[in-house]
Every structure is written in structure tokens, then in C-alpha cells.
Amino acid sequence: MDNPNQQFVDQLFAPLRANFSNPRPDGSIVLSLLDGNDATAYSRVLNASQLSDPQAFAQSLEEIRLELAVRSGSIPAEMRKALKEQDSVLNYQVT
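Basically the working numbering = 1-based index in the sequence shown + 150.
For the record, the hints were derived by calculation from the structure and aren't laboratory data.
Where is the CB? At the ideal position from N, CA and C, for every residue including glycine.
A few of these clues could be false.
Unchecked claim - Label-pair distances were calculated between CB atoms; the ranges are:
1) Gln157 x Val180: 13 to 23 Å
2) Asp176 x Pro154: 13 to 23 Å
3) Pro154 x Gly223: 15 to 25 Å
4) Gly223 x Pro173: 27 to 37 Å
5) Ser222 x Pro175: 30 to 40 Å
6) Asp160 x Asp203: 14 to 24 Å
7) Ala198 x Gly223: 16 to 26 Å
8) Asp176 x Ser224: 30 to 40 Å
9) Pro175 x Val220: 16 to 26 Å
10) Leu184 x Ala219: 29 to 39 Å
11) Ser199 x Gly223: 27 to 37 Å
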């Protein structure tokens, strides 16, 4: 599907290539990131509200970038710092 954000998303996730599905009945689409062999390296459903709101769309792309970075083991430095500064033990409340 032709999408007005195609070129932007392609640049953001290079060397992967973005593919946008046709809209589903609920208005959502599937964003797939394809490798050089056209195999799907990643895919995510974006709902209609994420597509219609530029800030929500940008946030979705940033979440995808972070997930890909975590999967590849290359977490951004600021994220590593934030994770180190957080408590390493989760707090559980016993009732």
C-alpha cells in the first residue's frame, strides 16, 4: 500500500524496507519491515488512532526502534543509563 510516510519510515529503519498493508475493516494496518530478501524481519499492527495522530504515530515508531535495538543487543546509551539507575529489584506488595 502506498503510504505518505513510506519514505520517512524507510529512512528510519534502513536497511530494512517498510511495507504497509491495506487498511483492515477497523482502520488498522500492519507495518512490516522487510530485509534484503523481502523476508519479514518485524511486523506490528498500528491502529487507526496511531495512524491519524502524528504524535501517536511517531511514538509507535520510536517503540519499534527501541524493541529492535533491544532485540539486537544495541540499546541506546541513554536507555542503558536509565535502566542502571532504576532499582534492580521489583517491589511486590504482599496482602
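Hint check:
1. Between Gln157 and Val180, the C-beta spacing of about 19 Å keeps the proposed range 13 to 23 Å intact.
2. Checked against the given bound of 13 to 23 Å, the beta carbons of Asp176 and Pro154, roughly 20 Å apart, stay inside it.
3. About 33 Å separates the C-beta atoms of Pro154 and Gly223, a value inconsistent with the hinted range of 15 to 25 Å.
4. Distance hint check for Gly223 and Pro173: the Cβ-Cβ separation is about 35 Å, which falls inside the suggested range of 27 to 37 Å.
5. Checked against the hint of 30 to 40 Å, the pair Ser222 and Pro175 passes, with Cβ atoms roughly 34 Å apart.
6. Distance hint check for Asp160 and Asp203: the Cβ-Cβ separation is about 21 Å, which falls inside the suggested range of 14 to 24 Å.
7. For the pair Ala198 and Gly223, the supplied restraint of 16 to 26 Å is violated, since their beta-carbon distance comes to about 34 Å.
8. Here the CB-CB span from Asp176 to Ser224 is close to 34 Å, well matched to the stated 30 to 40 Å.
9. Checked against the hint of 16 to 26 Å, the pair Pro175 and Val220 fails, with Cβ atoms roughly 32 Å apart.
10. Judged by the Cβ atoms, the range 29 to 39 Å given for Leu184 and Ala219 is violated: they are separated by roughly 18 Å.
11. The hinted window of 27 to 37 Å between Ser199 and Gly223 holds, with their beta carbons roughly 32 Å apart.
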